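Undergrad: If you're matching them up, the sequences are chains A and B in order.
Under numbering that gives the first Met the number 0, the first sequence has 481 at position 482, and the numbering climbs by one with no breaks.
Under numbering that gives the first Met the number 0, the second sequence has 56 at position 57, and the numbering climbs by one with no breaks.
It is worth saying that the hints were derived from the structure and are not from the lab.
Careful: at least some of the hints might be erroneous.
[Said to hold, decoys possible] Covered stretches of chain B (in silico footprint by chain A; criterion: 3 or more residues with CB under 8 Å from a CB of chain A, positions within the stretch not fixed):
(1) 33-42
(2) 61-73
(3) 108-115
(4) 120-128
(5) 135-145
(6) 156-163
The model shown is predicted, which means the values in this text are computed figures rather than measured ones.
Glycine included, each C-beta is placed from N, C-alpha and C at the ideal position.
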Amino acid sequence: MTVRVGDLDLDARRLPAPLPAWHAMVDDATWRALAVVVSADGGRLVSLWSSDSRPGGLAVHAALATAHGLLWAELALDERATYPDLSSTFPCAGRMQRAAADLCGVQAAGASDQRPWLDHGVWSESWPLRNPPARHREPRDETGDYPFVRVEGDGVHEIPVGPVHAGIIEPGHFRFSIVGEKVLRLEERLGYAHKGIERRFTELTPLQAHRLAGRVSGDSTVANAWAYCMALESALGLEVPARAQWLRALMLERERVANHLGDLGALGNDAALAFGLAQFSRLREDWQRESREAFGHRLMMDAVAPGGVTHDLGTAAVVRLHKQCDALAAELATLRAIYDEHAGLQDRFIGTGRVSPELARALGLTGLAGRASGQPHDLRHDHPWPPYDRLAVRVATSLHGDVAARVAVRFDEARESLRLMRELLTALPAGAIRVDLPTPTGSGRGAGWIEGWRGEVLVALQLRDGAIARCHCHDPSWQNWPLLEHAVIGNIVPDFPLINKSFNLSYSGQDL
Amino acid sequence: MFKLVRQIARAGICTEAPPSVEGVDVQPSTIHDEILAILGQALAIREVDAGSCNGCELEIHALNNPYYNIEGRGIKFVASPRHADLLLVTGPVSRNMALALRRTYDATPAPKLVVAVGDCGCSGGIFGESYASCGRVSNVIPVDVAVPGCPPPPLEILRGILAAVRQRHGVSARPDASGVRTHAA
Numbered sequence: 000m001t002v003r004v005g006d007l008d009l010d011a012r013r014l015p016a017p018l019p020a021w022h023a024m025v026d027d028a029t030w031r032a033l034a035v036v037v038s039a040d041g042g043r044l045v046s047l048w049s050s051d052s053r054p055g056g057l058a059v060h061a062a063l064a065t066a067h068g069l070l071w072a073e074l075a076l077d078e079r080a081t082y083p084d085l086s087s088t089f090p091c092a093g094r095m096q097r098a099a100a101d102l103c104g105v106q107a108a109g110a111s112d113q114r115p116w117l118d119h120g121v122w123s124e125s126w127p128l129r130n131p132p133a134r135h136r137e138p139r140d141e142t143g144d145y146p147f148v149r150v151e152g153d154g155v156h157e158i159p160v161g162p163v164h165a166g167i168i169e170p171g172h173f174r175f176s177i178v179g180e181k182v183l184r185l186e187e188r189l190g191y192a193h194k195g196i197e198r199r200f201t202e203l204t205p206l207q208a209h210r211l212a213g214r215v216s217g218d219s220t221v222a223n224a225w226a227y228c229m230a231l232e233s234a235l236g237l238e239v240p241a242r243a244q245w246l247r248a249l250m251l252e253r254e255r256v257a258n259h260l261g262d263l264g265a266l267g268n269d270a271a272l273a274f275g276l277a278q279f280s281r282l283r284e285d286w287q288r289e290s291r292e293a294f295g296h297r298l299m300m301d302a303v304a305p306g307g308v309t310h311d312l313g314t315a316a317v318v319r320l321h322k323q324c325d326a327l328a329a330e331l332a333t334l335r336a337i338y339d340e341h342a343g344l345q346d347r348f349i350g351t352g353r354v355s356p357e358l359a360r361a362l363g364l365t366g367l368a369g370r371a372s373g374q375p376h377d378l379r380h381d382h383p384w385p386p387y388d389r390l391a392v393r394v395a396t397s398l399h400g401d402v403a404a405r406v407a408v409r410f411d412e413a414r415e416s417l418r419l420m421r422e423l424l425t426a427l428p429a430g431a432i433r434v435d436l437p438t439p440t441g442s443g444r445g446a447g448w449i450e451g452w453r454g455e456v457l458v459a460l461q462l463r464d465g466a467i468a469r470c471h472c473h474d475p476s477w478q479n480w481p482l483l484e485h486a487v488i489g490n491i492v493p494d495f496p497l498i499n500k501s502f503n504l505s506y507s508g509q510d511l
Numbered sequence: 000m001f002k003l004v005r006q007i008a009r010a011g012i013c014t015e016a017p018p019s020v021e022g023v024d025v026q027p028s029t030i031h032d033e034i035l036a037i038l039g040q041a042l043a044i045r046e047v048d049a050g051s052c053n054g055c056e057l058e059i060h061a062l063n064n065p066y067y068n069i070e071g072r073g074i075k076f077v078a079s080p081r082h083a084d085l086l087l088v089t090g091p092v093s094r095n096m097a098l099a100l101r102r103t104y105d106a107t108p109a110p111k112l113v114v115a116v117g118d119c120g121c122s123g124g125i126f127g128e129s130y131a132s133c134g135r136v137s138n139v140i141p142v143d144v145a146v147p148g149c150p151p152p153p154l155e156i157l158r159g160i161l162a163a164v165r166q167r168h169g170v171s172a173r174p175d176a177s178g179v180r181t182h183a184a
């Protein structure tokens, strides 16, 4: 069918997915033009990735969010392996294009930054996602020198931090250029957690790969597993029972609340209010223990599976979860009042690490951090899929864009999630929790698009002859990491941990 | 301030009893004594994420919550390997992290205990070994105790830490096929 985007007519195929999604093959000119019209229309780039799913089958893909839904554009490449750059239209494309170059050896022609991103020079192969398999190379022992952008001038010096950090955090390197205490520039170097997830997908069968998707980023295991299952079910043209959809949503909201509790405590702690960490981590522990009780795992790993969910809720569990939501709502109200009235805490939060709505819009800040900077996107509201179509999700936003705003949005979202969960529990439909999926035999495409706690998660799946030819998992951290570099400019070095935590981005989710 | 104090009083103390180690119940005072006998001071742990999915980090964070009260038992997490007695390592070791992990190990003074956390740390887990992953932690640095689980809950991680300390204290260990002394849950 023909889909009209701005003044472009595209020959696109609707993917059978709970959220509106289309797939279209495009040429070089349309690839560029599409990005321009989507951007002009207020749309965003969700993800960009490369594939080489059969010999001679090099391609780049872009997933674009438009007002009407997701548009998955695929550009087949010839042996030149170059394609038109999108980073001049969507700045967040820059690092994704660099990753595509490292994994498949495809270059964005004319991109201003062509430095390697994931490949630090120590892999045993180059272009590991090429087909036929990549070229072996002798792994070096030392990671190569990385050309950081230098800031020069009187009194400027650098602080290198990581990849092993001072706290219990994932690995990554931060290079600060500072004068006195003031940050002039931060440059991130990531990729340390790259462990070959995307190639590993092609070694698993479609019916077991949800476990890998659930380990792309442990804090978003429900979101990723659901997105993967949605993509697989969409590729197979199957629907899951209503009760399974509702239980998935219940778990997704539980995951959102668990992460918000953890972050709210850590943010208090990073501003020297240890009370906050003690209180919120106690609440989070109660929450995780109940997740174990109700869904079999403290983080609910592997509870979302192809065809439905693995754990049903009995009447007693429904009552228990309902009570827990009521109790937590009261605790949150108390703690929020304490946070709001604590002068020392607010002094650290307000005005710190600010990203203005204009900058957020221009650079594509997304998810929770985006909503705290006036970008009101939330898939649960914009494209409500079952059961969110029955819930009228209220989107929490702020225009301030500072640490205080990201704290406030977390409080608001946690309260809203508790409301949603109580509605879900009250009207939980009866019936099966899982259908058996047939072992896939054919080829096809599916997309899974989920609003995780950090922002929108996308899984783009290509099946060929019943096997996974390519599975790309996108974490919203890709969009938000570059904005962290902007958020810290002009702040003092000791506020960096606070600002960083207020974004709480995934390393593993972007490194893959 | 009044609300804050009232909340502390209302929440009360939620600390729970410590876990049994190798089938033996451990009293808080025993943990204290054992750590003191070996180290003469609190046990200092440096956590190193060598490529995990961050699930193990969430449970290590949970280990620091009031239910487990590890600081009250003489165990604390520190910011530098130079201050650490024990490295708590998660993840399949990504090739991009192998050098940093070896350097962290080299920078750690004696007794240089190492506990590998999670199925990935024990065996490479679902990620296995590949162009980008070295697999289990013991492929890169020597490991004293490996704690399976995906992720292991906080008590299992604490058991693994205590088992590593006890082993150095002279309690015999049972090496498994890989030569790593696995602490079974």
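Undergrad: When I compare C-beta atoms, does the stretch 135-145 of chain B have three or more residues closer than 8 Å to chain A?
TA: violated (count 0)
Undergrad: Please check whether the stretch 120-128 of chain B has three or more residues whose CB lies within less than 8 Å of a CB on chain A.
TA: holds (count 4)
Undergrad: Can the stretch 108-115 of chain B be counted as covered by chain A under the rule of three residues or more with Cβ-Cβ separation shorter than 8 Å?
TA: violated (count 0)
Undergrad: Counting residues of the stretch 61-73 of chain B whose CB is closer than 8 Å to a CB in chain A, do you get three or more?
TA: holds (count 5)
Undergrad: Residue count check for the stretch 33-42 of chain B against chain A: does it reach three with CB-CB under 8 Å?
TA: Not satisfied, violated; 0 residues make the cut.
Undergrad: Please count how many residues of the stretch 156-163 of chain B have a CB within 8 Å of a CB from chain A and say whether that reaches 3.
TA: violated (count 0)
Of the numbered hints given earlier, the model fails hints 1, 3, 5, 6; all others are met.
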